[in-house]
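*Asks:* Protein chains in written order, with the UniProt record's numbering: chain A, 1 to 516; chain B, 1 to 516.
There may be inaccurate statements among the hints.
Identical chains blur together in the list; that is why a pair holds if it fits in one copy or across any two.
Subject to a maximum C-alpha distance of 27 angstroms in a straight line, what follows is the list of computed DSS-like cross-link-like pairs (lysine-lysine) [claimed, not checked]:
no., residue 1, residue 2
1, Lys55, Lys279
2, Lys345, Lys89
3, Lys87, Lys114
4, Lys228, Lys468
5, Lys279, Lys345
6, Lys389, Lys137
7, Lys55, Lys426
8, Lys228, Lys70
9, Lys279, Lys330
10, Lys87, Lys466
11, Lys353, Lys256
12, Lys330, Lys228
13, Lys398, Lys468
14, Lys353, Lys389
15, Lys398, Lys330
16, Lys114, Lys64
17, Lys353, Lys64
18, Lys256, Lys466
19, Lys466, Lys114
20, Lys114, Lys389
21, Lys256, Lys468
If you're looking for bench data, these hints aren't it; they were derived computationally from the structure.
Number of protein chains: 2
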Amino acid sequence: MPGVATRKNQERTRDNAMEQPPADGCLFLEHGASSVQDYAKERYGVLPLIQSQEKPDRMLIRIKDLTGEKADEVVWVRGRIHTSRAKGKQCFLVLRQQQFNIQALVAVGDHASKQMVKFAANISKESIVDIEGVVRKVPHKIEGCTQQDVELHIQRIYVISLAEPRLPLQLDDAIRPEVEGEEEGRATVNQDTRLDNRVIDLRTSTSQAIFRLQSGVCQLFRETLIHKGFVEIQTPKIISAASEGGANVFTVSYFKSSAYLAQSPQLYKQMCICADFDKVFCIGPVFRAEDSNTHRHLTEFVGLDIEMAFNYHYHEVVEEIADTMVQIFKGLQERFQTEIQTVNKQFPCEPFKFLEPTLRLEYQEAVAMLREAGVEMGDEEDLSTPSEKLLGRLVKEKYDTDFYILDKYPLAVRPFYTMPDPANAKTSNSYDMFMRGEEILSGAQRIHDPQLLTERALHHGIDLEKIKAYIDSFRFGAPPHAGGGIGLERVTMLYLGLGNIRQTSMFPRDPKRLTP
Amino acid sequence: MPGVATRKNQERTRDNAMEQPPADGCLFLEHGASSVQDYAKERYGVLPLIQSQEKPDRMLIRIKDLTGEKADEVVWVRGRIHTSRAKGKQCFLVLRQQQFNIQALVAVGDHASKQMVKFAANISKESIVDIEGVVRKVPHKIEGCTQQDVELHIQRIYVISLAEPRLPLQLDDAIRPEVEGEEEGRATVNQDTRLDNRVIDLRTSTSQAIFRLQSGVCQLFRETLIHKGFVEIQTPKIISAASEGGANVFTVSYFKSSAYLAQSPQLYKQMCICADFDKVFCIGPVFRAEDSNTHRHLTEFVGLDIEMAFNYHYHEVVEEIADTMVQIFKGLQERFQTEIQTVNKQFPCEPFKFLEPTLRLEYQEAVAMLREAGVEMGDEEDLSTPSEKLLGRLVKEKYDTDFYILDKYPLAVRPFYTMPDPANAKTSNSYDMFMRGEEILSGAQRIHDPQLLTERALHHGIDLEKIKAYIDSFRFGAPPHAGGGIGLERVTMLYLGLGNIRQTSMFPRDPKRLTP
Numbered sequence: 001m002p003g004v005a006t007r008k009n010q011e012r013t014r015d016n017a018m019e020q021p022p023a024d025g026c027l028f029l030e031h032g033a034s035s036v037q038d039y040a041k042e043r044y045g046v047l048p049l050i051q052s053q054e055k056p057d058r059m060l061i062r063i064k065d066l067t068g069e070k071a072d073e074v075v076w077v078r079g080r081i082h083t084s085r086a087k088g089k090q091c092f093l094v095l096r097q098q099q100f101n102i103q104a105l106v107a108v109g110d111h112a113s114k115q116m117v118k119f120a121a122n123i124s125k126e127s128i129v130d131i132e133g134v135v136r137k138v139p140h141k142i143e144g145c146t147q148q149d150v151e152l153h154i155q156r157i158y159v160i161s162l163a164e165p166r167l168p169l170q171l172d173d174a175i176r177p178e179v180e181g182e183e184e185g186r187a188t189v190n191q192d193t194r195l196d197n198r199v200i201d202l203r204t205s206t207s208q209a210i211f212r213l214q215s216g217v218c219q220l221f222r223e224t225l226i227h228k229g230f231v232e233i234q235t236p237k238i239i240s241a242a243s244e245g246g247a248n249v250f251t252v253s254y255f256k257s258s259a260y261l262a263q264s265p266q267l268y269k270q271m272c273i274c275a276d277f278d279k280v281f282c283i284g285p286v287f288r289a290e291d292s293n294t295h296r297h298l299t300e301f302v303g304l305d306i307e308m309a310f311n312y313h314y315h316e317v318v319e320e321i322a323d324t325m326v327q328i329f330k331g332l333q334e335r336f337q338t339e340i341q342t343v344n345k346q347f348p349c350e351p352f353k354f355l356e357p358t359l360r361l362e363y364q365e366a367v368a369m370l371r372e373a374g375v376e377m378g379d380e381e382d383l384s385t386p387s388e389k390l391l392g393r394l395v396k397e398k399y400d401t402d403f404y405i406l407d408k409y410p411l412a413v414r415p416f417y418t419m420p421d422p423a424n425a426k427t428s429n430s431y432d433m434f435m436r437g438e439e440i441l442s443g444a445q446r447i448h449d450p451q452l453l454t455e456r457a458l459h460h461g462i463d464l465e466k467i468k469a470y471i472d473s474f475r476f477g478a479p480p481h482a483g484g485g486i487g488l489e490r491v492t493m494l495y496l497g498l499g500n501i502r503q504t505s506m507f508p509r510d511p512k513r514l515t516p
Numbered sequence: 001m002p003g004v005a006t007r008k009n010q011e012r013t014r015d016n017a018m019e020q021p022p023a024d025g026c027l028f029l030e031h032g033a034s035s036v037q038d039y040a041k042e043r044y045g046v047l048p049l050i051q052s053q054e055k056p057d058r059m060l061i062r063i064k065d066l067t068g069e070k071a072d073e074v075v076w077v078r079g080r081i082h083t084s085r086a087k088g089k090q091c092f093l094v095l096r097q098q099q100f101n102i103q104a105l106v107a108v109g110d111h112a113s114k115q116m117v118k119f120a121a122n123i124s125k126e127s128i129v130d131i132e133g134v135v136r137k138v139p140h141k142i143e144g145c146t147q148q149d150v151e152l153h154i155q156r157i158y159v160i161s162l163a164e165p166r167l168p169l170q171l172d173d174a175i176r177p178e179v180e181g182e183e184e185g186r187a188t189v190n191q192d193t194r195l196d197n198r199v200i201d202l203r204t205s206t207s208q209a210i211f212r213l214q215s216g217v218c219q220l221f222r223e224t225l226i227h228k229g230f231v232e233i234q235t236p237k238i239i240s241a242a243s244e245g246g247a248n249v250f251t252v253s254y255f256k257s258s259a260y261l262a263q264s265p266q267l268y269k270q271m272c273i274c275a276d277f278d279k280v281f282c283i284g285p286v287f288r289a290e291d292s293n294t295h296r297h298l299t300e301f302v303g304l305d306i307e308m309a310f311n312y313h314y315h316e317v318v319e320e321i322a323d324t325m326v327q328i329f330k331g332l333q334e335r336f337q338t339e340i341q342t343v344n345k346q347f348p349c350e351p352f353k354f355l356e357p358t359l360r361l362e363y364q365e366a367v368a369m370l371r372e373a374g375v376e377m378g379d380e381e382d383l384s385t386p387s388e389k390l391l392g393r394l395v396k397e398k399y400d401t402d403f404y405i406l407d408k409y410p411l412a413v414r415p416f417y418t419m420p421d422p423a424n425a426k427t428s429n430s431y432d433m434f435m436r437g438e439e440i441l442s443g444a445q446r447i448h449d450p451q452l453l454t455e456r457a458l459h460h461g462i463d464l465e466k467i468k469a470y471i472d473s474f475r476f477g478a479p480p481h482a483g484g485g486i487g488l489e490r491v492t493m494l495y496l497g498l499g500n501i502r503q504t505s506m507f508p509r510d511p512k513r514l515t516p
């Protein structure tokens, strides 16, 4: 009988999860026979597991909608117990729903008995409860809550899902700014504890804001490109040959043979261009078997990829990509101001600055700026990470922008498929884009001529057999084209001025982390 | 010197790619010295490889914009040579751009010499050319082209990218309806030839339409869900443990250890629900190491995944998903009519029918319908593929819909995490959705109680150690929730009434195919 099973579950849930198993039967809604004097016994308890037994005609209101306008209304709310504090004959709860919270109060009186207050006070933090209460205006703003003008006077409280009493991390610790924590000697939560308990860490207002904003980055990226006439494509992640030479690639066992995980959708984006899709984009995982344990490397990240045929000059594509980034920055400013401010509370940061049109510097200009600042480097040398950071600061000082394009990289430091610059044998039609001094996009005009591609591959010492399919793609008429790949997690991290890419990957993967 | 390199490339290109190397120098724009009598020699030729040498101030017009309104204007167009037919002193070309094409004509006269006409006639099919021409109205509609009211009178023609002369497949063969081809003894192109030469196969109007519509499915899916308040999430594809028991999973070597490719984002979607994201969706690759070589199985496909917390009953979620599908169907009808008709020309099919609200049948009703139609099956038996197809026909006859929900599957045929039906020990709160008699979505209310989950896992003989992280996700308060996963390629295939999933996957992966 399902009823019996349900009750059994309930009892075990209570034993495991309540901090102090109550002495009387007050936990049970329907069968609290032992407590005869409890006039409120039907007003609280642990409800049976919701198995879709019924479809009650009851509206649950969102906490964010509980404002002064609802004063004196009786409402039903479902939320988590964020904190609870018993004080004599009453208990104050903070009820949380995503990034919103409200103060709730249960006090001994007509609606609540002593047992009911005790029950409420004993519900473990993070448990989910259904509350019926009256919305009451408060004389002084409630500073700790997002709903500052009202509180909820509880008339009924039922547990929907009990949390285990000992949380692996405290949400209040998890949103404390690190400096503040250190100064006051209060706890903060380290990265590994957060990631090991990601289900809880993601509940903080900071995490909620980061990932809602990240969802926005994807949305703005697509909105902008679809508006510009791009087509979304889906490219395979299991590939038969390592496209970029074979280093840093994960191997997959594929039935009786083996295969690889794609390090980028580039070949497929280019095939779509050769197949007349003209302008394409894709969003998907990208895999790099790089043993890098830095603040900005992941072994699996999300690529926002663009490829586009152009008419005469690859700057047509550079401008489209830069404009797409600008539309993302603007959209975030307009639509995600609350999220930005929420993250800033824990991780203070200057607002992200950008110019319109986007600043484009040539590589040699950057080299000159760096040399003037004391960096020694050759003309054809790639930028080191510290040089990139320094350059970011120099550009910010000189041009007041956190976003810029570095164009015309030395040919020698770019992949074989990069189009050489027709005007200078040492440079190439390639570019990176930077946010706050860190690279977020790498791109180039690609060689669309099979013969030049063959020459360049040979020059790089690449085995032609391994890239035959790639080169063959261009044999049946290929338009000139360029593109680039953007790292989603880096965009989110750098836009918000965060210090570690693991903060902007929900379930990050690095050489040492594969869980959760 | 870049100039020299470019010319070298040009010459080689000519030797390899022109069907008959012309006797004179007419292929060369800038150095056709041998042909002194050619008064048009600057009006045609093979241009140097576009390496972004310049940014000319020249507008290229889109073929789809060449209508009667442009009559008598001189325009520049870039397109592919779709067909060419020389006839005495003139040559007719069909110039193609994606799904649009126009007739173009070059004739000996003021603007074109004999050599120029010969040059145009010799350009290999699929080459990309830039044409300057006058738009002229035609007295009779041009039946073979999308631009039927005008043709282009060529004044200049330059090759931008030469195609090799022997194409592995002909585009006209590739869009011929199979029945027509058979009747007339004309060629059609088989699946493997298409897939082996996907860059060319994707250029057909049918392929262009299929994948533009598929891009639309993703767009409509997201638009609808973002409007409903869902958040987009990104879930990892490399996972440390096989989530659903370990069968049919691909193994990845991960540094010194090994890992798996995710068979579904389900655990991560559910973790996001436990982390208060409330309503989430994701679009991404899903991997199944199943050795199935059928018309509807791929080893890598794109999952459109949804997970959502609900208040009281999982039908709240079923309704949201069904409505999302309906919005997709409506959006396709409204925005992709041209694409639907294009595909129908090659693959005729009845328009897709659906009801509002969506028809929902209980599993036992379906069993009764099948039994009435002569199928023998037990109450707790799963539907075979032929039964599903038959059921689709029966439902279509009775209710006139190609889309419906089958609810309350037997508990025995569903995964361990499926919530049992509280009213019937043999059934479960689970559902599939069907399009034209084939499953496109599988979903359920999930068990959100760690103890019931443990019981059900044990009942299924699952090693608890392997799913510990999964079960632990529910220990700190979990809302009731349900969800489902939709196969993108199946939706596209079945909406368009196509017969093979390889037609709706750009670069399909199956046990026998890993390329291109």
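*Asks:* Which numbered conditions among the earlier hints are violated in the structure presented, ordered from lowest to highest?
*Replies:* Checked against the structure, the hints that fail are numbers 2, 4, 6, 10, 11, 13, 16, 17, 19 and 20, while the rest are satisfied.
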